[in-house]
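Chain by chain, the residues run as shown.
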Amino acid sequence: MAESALSGPDAGWAVRLRGVTKTYDSGVMALGPLDLDVRHGEFVSLLGPSGCGKSTALRLIAGLATPSAGTVELAHHGVEPRGSHRIGFVFQEPTLMPWANVRDNVRLPLKLARAPATDAEARIEAALDQVGLAEFAAAYPRELSGGMKMRVSLARALVTDPDILLMDEPFAALDEITRFRLNNDLLSLWRNLHKTVIFVTHSVFESVYLSQRVIVMTARPGRIGAEFRITSPEPRSEEFRTSAEYAAFCREVSAALAPSYAGQVGA
Amino acid sequence: MKSPQDLVRFLLPLAVFAAGLVLWEAVVRAYGIQPYVLPSPLLVLKTLVADWPVLSQSLGVTLLTTLEGFVAAAVGGVVLALLFNQSKWLEYSLFPYAVVLQVTPVIAIAPLLLIYLQQQTAVIVCAWIVAFFPVLSNTTLGLNSVDRNLAGLFQLYGASRLQTLLLLKLPAALPYILGGLRIAGGLSLIGAVVAEIAAGSAGAGSGLAFRIAESGYRLNIPRMFAALLLLSLAGIVIYGVLALVSHLLLRRWHESALGKDN
Numbered sequence: 000m001a002e003s004a005l006s007g008p009d010a011g012w013a014v015r016l017r018g019v020t021k022t023y024d025s026g027v028m029a030l031g032p033l034d035l036d037v038r039h040g041e042f043v044s045l046l047g048p049s050g051c052g053k054s055t056a057l058r059l060i061a062g063l064a065t066p067s068a069g070t071v072e073l074a075h076h077g078v079e080p081r082g083s084h085r086i087g088f089v090f091q092e093p094t095l096m097p098w099a100n101v102r103d104n105v106r107l108p109l110k111l112a113r114a115p116a117t118d119a120e121a122r123i124e125a126a127l128d129q130v131g132l133a134e135f136a137a138a139y140p141r142e143l144s145g146g147m148k149m150r151v152s153l154a155r156a157l158v159t160d161p162d163i164l165l166m167d168e169p170f171a172a173l174d175e176i177t178r179f180r181l182n183n184d185l186l187s188l189w190r191n192l193h194k195t196v197i198f199v200t201h202s203v204f205e206s207v208y209l210s211q212r213v214i215v216m217t218a219r220p221g222r223i224g225a226e227f228r229i230t231s232p233e234p235r236s237e238e239f240r241t242s243a244e245y246a247a248f249c250r251e252v253s254a255a256l257a258p259s260y261a262g263q264v265g266a
Numbered sequence: 000m001k002s003p004q005d006l007v008r009f010l011l012p013l014a015v016f017a018a019g020l021v022l023w024e025a026v027v028r029a030y031g032i033q034p035y036v037l038p039s040p041l042l043v044l045k046t047l048v049a050d051w052p053v054l055s056q057s058l059g060v061t062l063l064t065t066l067e068g069f070v071a072a073a074v075g076g077v078v079l080a081l082l083f084n085q086s087k088w089l090e091y092s093l094f095p096y097a098v099v100l101q102v103t104p105v106i107a108i109a110p111l112l113l114i115y116l117q118q119q120t121a122v123i124v125c126a127w128i129v130a131f132f133p134v135l136s137n138t139t140l141g142l143n144s145v146d147r148n149l150a151g152l153f154q155l156y157g158a159s160r161l162q163t164l165l166l167l168k169l170p171a172a173l174p175y176i177l178g179g180l181r182i183a184g185g186l187s188l189i190g191a192v193v194a195e196i197a198a199g200s201a202g203a204g205s206g207l208a209f210r211i212a213e214s215g216y217r218l219n220i221p222r223m224f225a226a227l228l229l230l231s232l233a234g235i236v237i238y239g240v241l242a243l244v245s246h247l248l249l250r251r252w253h254e255s256a257l258g259k260d261n
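So the protein sequences, as listed, match chains D and P. Just so you know, we're using numbering that gives the first Met the number 0 here: the first sequence kicks off at 0 and counts up by one. Just so you know, we're using numbering that gives the first Met the number 0 here: the second sequence kicks off at 0 and counts up by one.
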């Protein structure tokens, strides 16, 4: 279970964290030190209890917060320096602008880009197609269900064609059926688009179902407690959810997660 | 939409109003109360019609003042809130004075303003002083109520300050701004009236409030009532128009503008 055996000194890393910590102004240490390599095209889940700093880790990778110590690197490839276009972010809430319709919400990242894309309309249509919402382009967020809002949020993250998709418990608030459908849609998007995905969740079952690698984090300050490579073959589908192999992985990951919850009242 | 209950809600206040008028008219007739003490509603109506040329002109003057004060308050309140939002130092320096202006009774400021400013200007400034604060404080509240994650998203995509202001903060603040404007509409009428009365006691002016003061000196009580009626109607119309504008701007997306059936 050593880290080198999993990600290795691989030149193909997309995200690299070294000795990253985050201490809040109040003096509370939320995270780390954390070392993490994520390969290009890999689907990694960060799994841990609430407050273990997994969302903080995601915000650090996105550049929405700065680490108190350590380095966060994104691999350069192509001409663009580290910047907005490389990363798509999906929050736990859909985080849509209620005053704008679906199309304008998805357009936002392109609009904010310094050099507006000439093919903006085509990109928006493509992104909406990818999440199956092409017919709802003119609808307002309040007219959509929770699952559909989440799809809009996903389309907005995809519209810039980012290399890295960061997802912060995106489906936690959805009902189970909707969550399963979005899980499957996300997996097929990941297979087709070859994105690097870092997926934060507190669900063992979701992390095992989706990921190539599950990273179990300890309670605050969040550190890597254990790592599991989910070796089950792709593409996965609903049959996988009921397989003995899936259950075995879930049992293993749950056992590794248990110490993170130890001592928590009401956990 | 038009259920019997809605109809009752609409008709009940009207019935109360009608009953009040009938009672009023009856009391005035039964006790033979003189018009210079209490005019009957019918007499007020007759006076309104008879004095319409004078009163309508005064109404126009007061409405124009109110409008000018309202526009000044709306622009001033929103612009100040935007400046405060962009610069904390500016906010710390000036906000206490905005509060001072708000808490000092305008009726006490008006005579001073009339000394230093031309009357028309003084009246507008009065309307502005009374009305700008709700716009300022509501807009500030709105600008600070932006969804934290949406703000993060703008940061992630490298939005400029101007983009963040125009595409995120202002739209997010719009419901609050409109709420402030609805209050400001009524207040700017009050400010205009207060200043007119202050000016009217100096014997100058032509607005509705001046007519009220003037009629009071002349014991022309029916005309006082007629002018008061017009002022009240003006206030209702101002509120109605602003509520309608607010509804039209927000109906597609904001909770406050959604019907109960949604």
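Hints are computed from structural coordinates only; laboratory data are not their basis. Worth double-checking, as some hints may not be accurate.
Straight-line C-alpha distance at most 25 angstroms; calculated DMTMM-like pairs for lysine to aspartate or glutamate [claimed, not checked]:
| no. | chain 1 | residue 1 | chain 2 | residue 2 |
| --- | --- | --- | --- | --- |
| 1 | D | LYS110 | P | ASP5 |
| 2 | D | LYS110 | D | GLU120 |
| 3 | P | LYS87 | P | GLU24 |
| 4 | D | LYS110 | D | ASP128 |
| 5 | P | LYS87 | D | ASP24 |
| 6 | D | LYS110 | D | GLU124 |
Now the hints, each set against the structure:
no.	hint	verdict
1	D/LYS110 / P/ASP5	45 angstroms, violated
2	D/LYS110 / D/GLU120	11 angstroms, holds
3	P/LYS87 / P/GLU24	59 angstroms, violated
4	D/LYS110 / D/ASP128	19 angstroms, holds
5	P/LYS87 / D/ASP24	20 angstroms, holds
6	D/LYS110 / D/GLU124	15 angstroms, holds
When held up to the earlier numbered hints, the structure conflicts with 1, 3 and fits the remainder.
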